[in-house]
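Respectively, the protein sequence lines represent chains A and B.
With the working numbering applied, the first sequence covers 8 to 200.
With the working numbering applied, the second sequence covers 3 to 189.
Treat the hints as calculated values from the structure; they're not laboratory data.
Please read all numbers here as calculations on a predicted model, not as lab measurements.
Among the clues, some could well be false.
Claimed, not checked - Capping the alpha-carbon separation at 30 angstroms, the derived lysine-lysine pairs in DSS-like fashion look like this:
| no. | chain 1 | residue 1 | chain 2 | residue 2 |
| --- | --- | --- | --- | --- |
| 1 | B | K127 | A | K152 |
| 2 | A | K146 | B | K139 |
| 3 | B | K138 | B | K103 |
| 4 | B | K138 | B | K121 |
| 5 | B | K83 | B | K103 |
| 6 | A | K86 | B | K103 |
| 7 | B | K89 | B | K121 |
| 8 | B | K89 | B | K178 |
| 9 | B | K127 | B | K103 |
| 10 | A | K86 | B | K175 |
| 11 | B | K83 | A | K86 |
| 12 | B | K83 | B | K121 |
| 13 | A | K139 | B | K138 |
| 14 | A | K141 | A | K86 |
| 15 | B | K178 | B | K103 |
| 16 | B | K175 | A | K152 |
| 17 | B | K83 | B | K72 |
| 18 | B | K138 | A | K152 |
| 19 | B | K175 | A | K141 |
| 20 | B | K127 | B | K138 |
| 21 | A | K86 | A | K152 |
| 22 | B | K121 | B | K103 |
| 23 | B | K89 | B | K69 |
| 24 | A | K139 | B | K139 |
| 25 | B | K138 | B | K72 |
| 26 | B | K127 | B | K72 |
| 27 | A | K139 | A | K83 |
| 28 | B | K83 | B | K16 |
| 29 | A | K141 | B | K83 |
| 30 | B | K139 | B | K121 |
| 31 | B | K139 | A | K152 |
| 32 | A | K146 | B | K138 |
Said to hold, decoys possible - Listed next, the stretches of chain B that the computed footprint assigns to chain A, with coverage defined by at least 3 CB atoms under 8 angstroms from CB atoms of chain A:
| no. | stretch |
| --- | --- |
| 33 | 19–32 |
| 34 | 35–42 |
| 35 | 95–103 |
| 36 | 180–188 |
As the list claims (entries may be wrong) - Short, incomplete list of chain B residues facing chain A, as computed with Cβ under 8 angstroms:
| no. | residue |
| --- | --- |
| 37 | M47 |
| 38 | V123 |
| 39 | G130 |
| 40 | T151 |
For glycine and all other residues, C-beta sits at the position ideal for the given N, C-alpha and C.
Each chain is listed here by its residues.
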Amino acid sequence: MSGTKPLSRFHQPIAVPGRRLVHHVPLKFVQKKVGGGGQRSVNQEIPLIPFIDFLLCIVCFLLASFSASGELPVDKNVKLPKAQNVMDMTDAPIVAITGTQILVDGTPAGSTRTVEEANRLQRIDELFNILKNKRELWKQVNPGKEFPGVALLQVDRRVSALVVKSVFQTAAMAGFPGISFEVGRLGKPGGGE
Amino acid sequence: MAGIDVGGGHGGKKSLNHDIPLIPFIDFLLCLVAFLLVTAVWSQMARINADAKVPGPPRPDEPDEVKPEKELHVEMRGERKFQLVWKEGATVINTIDIERKQVNMGNEGDYRYPALAEKIVAEWKANGSHRAANDKKLDRAVLHTDNSTPFSDVVAVIDAVYEPQRDFQIGAKTEKIPAFNLTFSVN
C-alpha cells in the first residue's frame, strides 16, 4: 500500500467478489458482519412464561370441570331416550328399570313382569321398602335437615308407561315425590343447548 | 431459565440470585393436564323433571276455600291426535286437538313432536298463570297415557310440554326453566 505501484487491472489476482459496502468502518465486529463472516446465532429462546400461563389456564379449566364421582353409571340393559328440554344431572338414588327388573342403585327391587301381568297401576312393595329405608337412613345421617325427596329414574325406552307410572307412584309413596327421568341430550336445531 | 435477581453477592456473601427450575415445573403441569384430560367426564346425560307431589292433609292456617288453578291436561291416548285440555278444577275451559306428527331425530330411533311443542308454547303464552320471574309456582301439566305406551313416546311428549320456558329468580340471578311442572294422571 505504501510505495508499491498498484498492479494493472489485468495483473490483479483473482479474488472472490465480496461485499463492499461499509467496509471502511474501522470496527472489527462491523467488518465481520458486513463481510458475511458473522453467522446468525443458533440459540433460540423459547418464551416459557406465556407457555406456563397457557398451561395454568388449561389446568384451572380442567380442575373446574373435574368430577371426582365420574359418569353416572347406566345399566347396560337400559337404552335411554333423548330429549331437548333437559336439566343438568343431580345426585340422587338411581332407580333403573330394564325390560325385566327394577334396580335401586344396582340392588334388585322388583320385577317389571309382575306389574305388566297385573295390568293395573300398583305399589311395588320391594321397591317401596328399599326407598323407604333409604329415606330413613338419610334422615338419621342428616338430622334436622329437610329431605330432598329426589330420585332418578333410568328407564329403558321400550318399557311400558304402566311400569313407569307404578314406579313413579311407589317412589312418591316412599317419600320421593321429586322424580327425574334420566335422558340423553338431544341437540337443538339452532345448535345451542 | 427464569431467575430472581435481588442484587448482592458482593463482598464474599452468599449470592441471593436463584434460578427457578422451570422445566420440571412445566413437566409437572403437563402431567397434570394429561391426567385431568384422561379423567375428564364428557357427559351427555341429562334429566327431565316430573312431580309426584300429592295434596296432603289440610293445615290449620290454610284458607277453607282455595281457588282451583288452571291445569293443562295432555291426552296422548289417541293414535292420530293429541288433545290439550285446559281445566279449572273439574271444569273444562278449552279443548284443542293436534295432529300426532312425529319427527325423527338422528338414526337411533329418537323422535319429537314439534307441532305439539309449538302449540303448547302458544297455549302457555295465552293461558299460563305463573309468568313473573319472582313467582315461585309453576303452571301444572297432567299427562294422560295408555298403559302400553312405550317410555320413549312418553319422553317425547314430556319434552314437548317442557318447550315453553320462563324466567325464574333464584336468589340474585335469573334462570330459564320450563314453564310447566308435569305429573302423571293415575287413571
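The hints, checked one at a time:
no.	hint	result
1	B/K127 - A/K152	violated, 38 angstroms
2	A/K146 - B/K139	holds, 27 angstroms
3	B/K138 - B/K103	violated, 34 angstroms
4	B/K138 - B/K121	holds, 24 angstroms
5	B/K83 - B/K103	holds, 8 angstroms
6	A/K86 - B/K103	holds, 23 angstroms
7	B/K89 - B/K121	holds, 17 angstroms
8	B/K89 - B/K178	holds, 26 angstroms
9	B/K127 - B/K103	holds, 22 angstroms
10	A/K86 - B/K175	violated, 36 angstroms
11	B/K83 - A/K86	holds, 27 angstroms
12	B/K83 - B/K121	holds, 13 angstroms
13	A/K139 - B/K138	holds, 29 angstroms
14	A/K141 - A/K86	holds, 26 angstroms
15	B/K178 - B/K103	holds, 27 angstroms
16	B/K175 - A/K152	holds, 25 angstroms
17	B/K83 - B/K72	holds, 22 angstroms
18	B/K138 - A/K152	holds, 21 angstroms
19	B/K175 - A/K141	violated, 33 angstroms
20	B/K127 - B/K138	holds, 18 angstroms
21	A/K86 - A/K152	violated, 35 angstroms
22	B/K121 - B/K103	holds, 13 angstroms
23	B/K89 - B/K69	holds, 13 angstroms
24	A/K139 - B/K139	holds, 28 angstroms
25	B/K138 - B/K72	holds, 16 angstroms
26	B/K127 - B/K72	holds, 13 angstroms
27	A/K139 - A/K83	holds, 26 angstroms
28	B/K83 - B/K16	violated, 89 angstroms
29	A/K141 - B/K83	violated, 41 angstroms
30	B/K139 - B/K121	holds, 22 angstroms
31	B/K139 - A/K152	holds, 23 angstroms
32	A/K146 - B/K138	holds, 26 angstroms
33	19–32	holds (count 5)
34	35–42	holds (count 5)
35	95–103	violated (count 0)
36	180–188	holds (count 3)
37	M47	holds, 6 angstroms
38	V123	violated, 11 angstroms
39	G130	violated, 16 angstroms
40	T151	holds, 4 angstroms
The structure does not agree with the numbered hints 1, 3, 10, 19, 21, 28, 29, 35, 38 and 39 stated previously, though it agrees with the rest.
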